[in-house]
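Just so it is clear: in the sequence shown, position 316 is 296 by the numbering used here, and no numbers are missing.
Among the hints, erroneous ones may be present.
Claimed, not checked - Cβ pair distances, simulated, as ranges: (1) 43 - 90: 53 to 63 Å; (2) 294 - 138: 36 to 46 Å; (3) 270 - 204: 18 to 28 Å.
It is worth saying that the hints were derived from the structure and are not from the lab.
All residues carry an ideal CB built from backbone N, CA and C; glycine is no exception.
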Amino acid sequence: MIAVWVESSMRRVFPDAAPGPARAICLAGARNERLDFQLGILADKPIVAATIRCSDLRGPRGACIARSRIRWNFEAFVSLRANTQGTAPSDLERFAPGLFPDGLMEERAIGLRPGECRPVWVTIAIPDDAPPGEYQGAITVRDDGTRRSLPLRLVVWPFALPAARSLHLANWFWPRALCAQYEVPLFKGRFWELLDDVARNMADHRQNVILTPVTNLVRSVRTRDGWRYDYRDLDRWVATFDRYGAADLIELEHVGGRIGNWESPVGFVAMTVYDECGRPEVLPRVPVGDSVREVFLRDFLAGLGAHLKRRGWFNRAIIHQADEPIAANRASYEQ
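Turn these sequences into a full structure, and let the hints steer you where they fit.
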């Protein structure tokens, strides 16, 4: 026996979740909007291969939203060892350690253990030309020999979200986290394939600002005659996010940061540079008054600005000085 029920996208579904009522999935949204919800699946016996099937959504006067507009992914659980420090217990969803739902899996079928709930994340992308009205279909969970279906009703409102976005929206993305998760080298090989998926997913959710680790993407080479800069990785990075319209603003990462604790002065961040043989050298974090680093950064930023102008990107590039200054480090931030 397998239980299937619908959950809000605003609630985490944990492995020990109790089944809810098997009711219809009822949604409403504008054309060109994406709607998210979750399914909870719970089996009372081991299941070798559970999978999901979505029907077309049939609407007014023969209109159809194709099943290809419905995406689904089983959710992966991650082991959380500790909760975020300094968070009030009343603000915690639950106490660690434990398994928390986080990533979306690519597998199209998975096994289920008896008594363990597995959530499924579902997204419906309403076409921008869908006729308004009510659409009906179903989502079915299939296991080794049975199936459980929930009816799906979608009301499409008679207006569309504009394709152009007037609000700049950024969620900071750290490329080294991508490397750690998928065990790929930074800015090499398969990294770029994974980055393409990230860019597409960000654009799908109307994000249009990309945090860009410029001091890592630009290779700075010390020569006998001064500095030489290689912008190829930066160009590929921006082009990847531009492919999906996810870089209305190029948010260049910080050149400064705190030298010590929260109230310490702001200094220049550490940077890796190279000699002409390709050997790396780490320039350490230094105070903002460091004249040698200031000369280098003036040259680095001047070259960067010229390159952004050549590529036609200058007017949509912004750069961070340092994050979240307070009164205690105001003087160094202003300097």
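Checked hints:
Between residue 43 and residue 90 the beta carbons are some 33 Å apart, a value that contradicts the proposed interval 53 to 63 Å. For the hinted restraint 36 to 46 Å between residue 294 and residue 138, the CB-CB distance of approximately 41 Å keeps it satisfied. Hint check: residue 270 to residue 204, Cβ distance near 23 Å, so the stated range 18 to 28 Å holds.
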